[in-house]
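Taking my numbering, the leading residue of the sequence shown gets 3, the next gets one more, and so forth.
By construction, these hints were calculated from the structure, which means they are not laboratory data.
Remember, it's a predicted structure, so these values are computed and weren't measured experimentally.
Every residue gets a Cβ at the ideal spot worked out from N, C-alpha and C, and that includes glycine.
The reader is advised that the hints may include incorrect statements.
[What the hints assert, rightly or not] Have a look at the derived ranges for each label pair, beta carbon to beta carbon:
| hint | residue 1 | residue 2 | range |
| --- | --- | --- | --- |
| 1 | Gly219 | Gly179 | 50 to 56 Å |
| 2 | Trp173 | Ile235 | 35 to 41 Å |
| 3 | Arg86 | Lys268 | 17 to 23 Å |
[As the list claims (entries may be wrong)] Keeping only pairs whose Cα atoms sit at most 20 Å apart, straight-line, the calculated SDA-like set for lysine to any residue is:
| hint | residue 1 | residue 2 |
| --- | --- | --- |
| 4 | Lys271 | Thr91 |
| 5 | Lys268 | Lys181 |
| 6 | Lys268 | Leu214 |
| 7 | Lys271 | Ile81 |
| 8 | Lys271 | Leu85 |
| 9 | Lys181 | Trp95 |
| 10 | Lys181 | Thr84 |
| 11 | Lys181 | Val166 |
| 12 | Lys268 | Ala99 |
| 13 | Lys268 | Gly123 |
| 14 | Lys268 | Thr84 |
| 15 | Lys271 | Gly123 |
| 16 | Lys271 | Ser213 |
| 17 | Lys271 | Asp207 |
| 18 | Lys271 | Leu214 |
| 19 | Lys268 | Val154 |
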Amino acid sequence: VLMTSLAKVGTGIGIFVVPFVMSRLIVNYNWHMAYQVLAVMAVVGIMSLAFLLKRDPAQAGVQADGVVGTAPRAAVRGINLTLRQAFHTRQFWMLSAAYFMLWYTTQSMMVHIAPHAQDVGLSVSESALVVSAIGGSSILGRVGVGVMGDRVGTRRAVLICFAVLLTALAWLPFASGFKALIIFALIYGFAHGGFFAILSPLMADYFGITSLSTILGMVFFIGQTGGAVGPIIAGSIFDATHSYAIAYVIMALAALIGLVMMLLLKPVKQKD
Numbered sequence: 003v004l005m006t007s008l009a010k011v012g013t014g015i016g017i018f019v020v021p022f023v024m025s026r027l028i029v030n031y032n033w034h035m036a037y038q039v040l041a042v043m044a045v046v047g048i049m050s051l052a053f054l055l056k057r058d059p060a061q062a063g064v065q066a067d068g069v070v071g072t073a074p075r076a077a078v079r080g081i082n083l084t085l086r087q088a089f090h091t092r093q094f095w096m097l098s099a100a101y102f103m104l105w106y107t108t109q110s111m112m113v114h115i116a117p118h119a120q121d122v123g124l125s126v127s128e129s130a131l132v133v134s135a136i137g138g139s140s141i142l143g144r145v146g147v148g149v150m151g152d153r154v155g156t157r158r159a160v161l162i163c164f165a166v167l168l169t170a171l172a173w174l175p176f177a178s179g180f181k182a183l184i185i186f187a188l189i190y191g192f193a194h195g196g197f198f199a200i201l202s203p204l205m206a207d208y209f210g211i212t213s214l215s216t217i218l219g220m221v222f223f224i225g226q227t228g229g230a231v232g233p234i235i236a237g238s239i240f241d242a243t244h245s246y247a248i249a250y251v252i253m254a255l256a257a258l259i260g261l262v263m264m265l266l267l268k269p270v271k272q273k274d
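Can you make the complete structure from the sequences, with help from the hints?
Okay, structure coming up:
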C-alpha cells in the first residue's frame, strides 16, 4: 500500500504546482499562453518519464529480499477472482457504487472550488492557491493513508478518508474567506489523495491480484461516470440558483452514501 502511495505522490505534486503556475500565466498573459505551457509540460514531462517505466522490477534485475527467480502471483487472503467472477459478487458492485459517489463528489469539487472561491470574493491567484493547497495536502494523504492501510487495513483506511471528506464538506459552508478556504483545502486534500492511493490495494484485498488490473479498470470506469456527470450537475445547479449551496448538499449526501456502502461491505468468499 505504501509503495502505491509513493507512486502517486507525483500526482499530488502536480496538483500543488500546476494551478499556481497556470494562474500566474493567466494573470500576466492569457488563457492561450497557459494552455500552451501546459501542453509542453505534458509532452516533455509525462512522456519523457514514461520511457523510464518498467513493467516488472525483474526487468531491472531487482527482486525482493529472499526471492529467487520470478515470484508467483499468489492469492491475497485466499481470494483470487477473475473479472467474470468479480461481476457476480455483491462487493464488486458496492465498491463501484461507493467510488461512483466518491468521484461524483471529488471531481465536482475539483472543477468548481476555484469558481466558488472567486464567487465569495477571492482573487484568481488566491483561488489558485486554494487548489494548490489541495494538491499539497493530497501528498500527505497519499503517503499517510498508504501507511494507514498497511497498519489498520485498506477498508478502515477508506472509512477514515470518508470521515475526513465529510468533515471538509461540513466546514465548506462556513468557509467564506481565504484562510477558511485554505483550512477546507487542507482537510479535503488529505482525503482526496488518500482515496486514490488506497484504491488499488483495496481491490487486491477483496478480489486478489490475478485479474487486479482488469477489475481495477472496471471500477475506475464505473466510478468515473460519477466524476463525469458530477461537475455538469453542480454547474447546472449554480446556473439555475446562482449558488453552490444545493450542489454541496448533494455532494455531501453522495459522500455519505459512499460511506454507508463501505460500512456494509464484507469480505468476499470465493466459491470452489
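Now for the hints, and whether the structure bears them out:
1. Gly219 with Gly179: 50 to 56 Å: At 41 Å between Cβs, range violated.
2. Trp173 with Ile235: 35 to 41 Å: Taking Cβ atoms as reference, Trp173 and Ile235 lie about 22 Å apart, which means the hint is violated.
3. Arg86 with Lys268: 17 to 23 Å: Hint holds: Cβ distance 21 Å, inside 17 to 23 Å.
4. Lys271 with Thr91: OK: Lys271 and Thr91 at ~9 Å, within 20 Å.
5. Lys268 with Lys181: Answer violated: Lys268 to Lys181 is near 40 Å, above 20 Å.
6. Lys268 with Leu214: holds (18 Å)
7. Lys271 with Ile81: Status holds; Cα separation ~8 Å.
8. Lys271 with Leu85: The given pair, whose Cα atoms are some 15 Å apart, holds under the 20 Å limit.
9. Lys181 with Trp95: violated (39 Å)
10. Lys181 with Thr84: Roughly 48 Å between the alpha carbons, so the hint for Lys181 and Thr84 is violated.
11. Lys181 with Val166: Between Lys181 and Val166 the Cα gap is close to 19 Å, so the pair holds against 20 Å.
12. Lys268 with Ala99: Holds. Lys268 to Ala99 sits at ~15 Å (cutoff 20 Å).
13. Lys268 with Gly123: This hinted pair is violated, its Cα atoms lying about 46 Å apart.
14. Lys268 with Thr84: holds (18 Å)
15. Lys271 with Gly123: The given pair, whose Cα atoms are some 53 Å apart, is violated under the 20 Å limit.
16. Lys271 with Ser213: The hint holds at about 16 Å.
17. Lys271 with Asp207: Satisfied, since the Cα-Cα distance of roughly 12 Å is no more than 20 Å.
18. Lys271 with Leu214: Satisfied, since the Cα-Cα distance of roughly 17 Å is no more than 20 Å.
19. Lys268 with Val154: holds (16 Å)
Consistency note: the structure conflicts with the earlier hints numbered 1, 2, 5, 9, 10, 13 and 15.
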